[in-house]
Amino acid sequence: MSRMHSSDFIRAERKPSPLKSPALRPLSIAATLALALLASACSQVNVHSNTVRGVGYVRVDEVIKHHPLYPQLQQLNDAIAAINLEASVPRAPLTPQEIATQTAALNQQLKAAQERANSIISQKQNQYLQQERDADIAALKAAGIDPRAAGIGAAMSATSQAQAAQAARVAQQDYMSYQQSVMQQDADAARSIAEQLNKEAAQKFRARASEYQQEESDLTLRLAQQDATERLALQTKLNNIAMDTAQRKAVTDQLGAINKKESDQVNAMRARHQRELAQYQAQLRAQAQDQINKQVAAIRAQTQAKLSAHGDQLRSQLQGLGSAPVPQANIPPNVQAKLKQIHEDMAKKFQTDAQAAVAAYESTKSDLDAQFAALHGENVGATGAAAKQLRDLQKRHDALQAQIQAQIQSEADKLAKKMGFTVVLDNATASGGAYDLTNDLIRDVESLHE
Amino acid sequence: MKKLVSSLLVLGAIFALIAPGAIAADLNDVGYVDQTAIGSLPPFVAANNQLAAYKAKLDSQFAAAMKAAKSDAQRQSVTMQFQQKFADKQRELVGPIFTRAQLALANVADKLHLSIVVDKRIVVYGGQDVTNDVVSLIRSNQAIAPPSASPPPSSIGFVDQSALDGSQKVKNANDQLQKYIDSQKPIYAQRIKDAKTDAERADIGQQFDKAVSDQRDKLLKPLIQETKNVTAQIAQRKHLLLVIDRGDVIFGGTDITQDVQNALK
Numbered sequence: 001m002s003r004m005h006s007s008d009f010i011r012a013e014r015k016p017s018p019l020k021s022p023a024l025r026p027l028s029i030a031a032t033l034a035l036a037l038l039a040s041a042c043s044q045v046n047v048h049s050n051t052v053r054g055v056g057y058v059r060v061d062e063v064i065k066h067h068p069l070y071p072q073l074q075q076l077n078d079a080i081a082a083i084n085l086e087a088s089v090p091r092a093p094l095t096p097q098e099i100a101t102q103t104a105a106l107n108q109q110l111k112a113a114q115e116r117a118n119s120i121i122s123q124k125q126n127q128y129l130q131q132e133r134d135a136d137i138a139a140l141k142a143a144g145i146d147p148r149a150a151g152i153g154a155a156m157s158a159t160s161q162a163q164a165a166q167a168a169r170v171a172q173q174d175y176m177s178y179q180q181s182v183m184q185q186d187a188d189a190a191r192s193i194a195e196q197l198n199k200e201a202a203q204k205f206r207a208r209a210s211e212y213q214q215e216e217s218d219l220t221l222r223l224a225q226q227d228a229t230e231r232l233a234l235q236t237k238l239n240n241i242a243m244d245t246a247q248r249k250a251v252t253d254q255l256g257a258i259n260k261k262e263s264d265q266v267n268a269m270r271a272r273h274q275r276e277l278a279q280y281q282a283q284l285r286a287q288a289q290d291q292i293n294k295q296v297a298a299i300r301a302q303t304q305a306k307l308s309a310h311g312d313q314l315r316s317q318l319q320g321l322g323s324a325p326v327p328q329a330n331i332p333p334n335v336q337a338k339l340k341q342i343h344e345d346m347a348k349k350f351q352t353d354a355q356a357a358v359a360a361y362e363s364t365k366s367d368l369d370a371q372f373a374a375l376h377g378e379n380v381g382a383t384g385a386a387a388k389q390l391r392d393l394q395k396r397h398d399a400l401q402a403q404i405q406a407q408i409q410s411e412a413d414k415l416a417k418k419m420g421f422t423v424v425l426d427n428a429t430a431s432g433g434a435y436d437l438t439n440d441l442i443r444d445v446e447s448l449h450e
Numbered sequence: 451m452k453k454l455v456s457s458l459l460v461l462g463a464i465f466a467l468i469a470p471g472a473i474a475a476d477l478n479d480v481g482y483v484d485q486t487a488i489g490s491l492p493p494f495v496a497a498n499n500q501l502a503a504y505k506a507k508l509d510s511q512f513a514a515a516m517k518a519a520k521s522d523a524q525r526q527s528v529t530m531q532f533q534q535k536f537a538d539k540q541r542e543l544v545g546p547i548f549t550r551a552q553l554a555l556a557n558v559a560d561k562l563h564l565s566i567v568v569d570k571r572i573v574v575y576g577g578q579d580v581t582n583d584v585v586s587l588i589r590s591n592q593a594i595a596p597p598s599a600s601p602p603p604s605s606i607g608f609v610d611q612s613a614l615d616g617s618q619k620v621k622n623a624n625d626q627l628q629k630y631i632d633s634q635k636p637i638y639a640q641r642i643k644d645a646k647t648d649a650e651r652a653d654i655g656q657q658f659d660k661a662v663s664d665q666r667d668k669l670l671k672p673l674i675q676e677t678k679n680v681t682a683q684i685a686q687r688k689h690l691l692l693v694i695d696r697g698d699v700i701f702g703g704t705d706i707t708q709d710v711q712n713a714l715k
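Top line first, the protein sequences correspond to chains A and B.
Per my numbering, residue 1 is the first one in the first sequence, and the count goes up by one each step.
Per my numbering, residue 451 is the first one in the second sequence, and the count goes up by one each step.
Here chain A stands alone, though its shape is the one from the complex:
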């Protein structure tokens, strides 16, 4: 059965009949009906047949390619692919100085992003508290209740408490995470400093020990040179075979005395050196420990200052979120419900804005983290300006794709309804009889924009 497009079928029906004679009119009507039915049966699929049973499928990916806006979508795809490809080029290694400078710049950007998020959240808190206050006053006045007598802020109390509790929870989590990371940095830095200073002390000790060893060798040599003439003379005497035992013993004793004198002097020096080295080692250890203590104290002070500053920042954010006064007047249930509604609306709005601020911060942080990783040689794809461009392109791509898909969906819906299908699916793996509407839909989508 050949397939005919539904819109082609409509066009065929609109053609003027060639059978215009009144005499032939009855026949012409019947023939037209027959032709139309024949055309319908032969050129349009019988969706209710045993093989089709009202089931169709569409290859939406294929239809998208024929949409008039597809070239634009393809352009966006190409631009995205180009940025991703460019980011995959290995970067030239940076010098430690360049890494340090760029790290400092990234840290500054991160700090700015944190401050921006905090400022927005703080501003939104104040804004919604004020709005709620105004709305509460208006609601109370409308109900003929003096807001002051009602203790305005009663409803706000709930908002304030909820916001304060939420903010405190987030702040506490944030603070703990910050504290953990700062403490870890603190411990790492202290360990690194201790290792470095102990290493320096060991080097100094080895240098001094080596110096003393050299002095001892020098003394040994000097003494040997000093006594060389006398020793040679005595040794020459000993070689005289005519010498009697007493004379030989006297010369041997003289030689022994020279050796002992030299050895005593060297040993004395060595003992002194050992004492001095022991003292020096103790002194080096004390100095190193002192320096370690000072450096660690400085690091801890910095850590405390960082934690304290962060804590202050959080406290300042939480200020003004404390409990509001308890209502003094009896508020009718309907007004209470109204106040509750106002509170819920404001809390919802605040929550949305706060989440948006946090999401914006997280996005910036994520990109900065990627840039930091890239600085240290990791392949993390596009970062910085390229990443921003990539996000913008992706956003435009997704919006355009959604627009194209919505239009295709609408056309598919009309077509499927017109052709009498009961169900039409996308993403089919294979058909055992279900009708493929792809080409029909392509023609519809194309003809829409002709």
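To be clear, the hints were calculated from the coordinates, so they are not data collected in a lab.
Hints may contain errors.
As the list claims (entries may be wrong) - Under 8 Å between C-beta atoms, here's a sample of chain B residues computed to sit facing chain A: (1) Gln-524; (2) Ile-547; (3) Ile-642; (4) Asp-695.
Virtual Cβ for every residue (Gly too), placed ideally from N, Cα, C.
Knowing the structure of chain A, use the given hints to seat chain B on it.
Quick look at chain B alone, frame taken from chain A:
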């Protein structure tokens, strides 16, 4: 008048010709569900948040363990160990809620006599939307018992594409494609880096896409076509109207993965 009668007779003959094809009952036992609506239910959100927090903790432990690992074998062992930990936690946190959702779905499908429930994303037209029924049942406090009968045989079949992709032939083709991409990427990337304008860069990006697409067609298209043909033949033999991917089936359907795998051997 005679002419009119004869014309009507012709019409009758045409109806008679068409009639045998029109007696088949249309398929109306296909349902669909919006999985995002189920995924946004508070128990799922809470479980997923807990799982995300657990994963964040696990990630740092994993990074430390990988740093300490000395060989590829150790790294592989560490990876498997952490994957197992995550899977266990996922089962513990999401498992019970997931089971409840499946039971709810099975009950709704049973009540509405549906032979298959698919993901809303693949439905272009028609079908029965059972999302609200399923969500209501999950939300209710009542215990959900499994339906007494298994789903009726469905005229919609499915194949597990990931199982078919795991065949040696497909794996080899994918490996070859990946090698090709890896070899071409630095060449095109350098050309993009050297390009002067955005238009030039986009053009090179397009060339790269085309080169990869051509290579994919060369390596994978014949295999895809072969699988498609075999699947269609099995579908016809089993009187299935359509075959979809297992990933799009939420409940029911006729699984022909094994038949396709056997035929492809």
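Each hint, compared with the structure:
1. Gln-524: violated, 21 Å
2. Ile-547: Check failed: Cβ of B/Ile-547 comes no nearer than 24 Å to chain A, outside 8 Å.
3. Ile-642: The hint holds - B/Ile-642 has a Cβ within 8 Å of chain A, the shortest such distance being about 5 Å.
4. Asp-695: holds, 6 Å
Consistency note: the structure conflicts with the earlier hints numbered 1 and 2.
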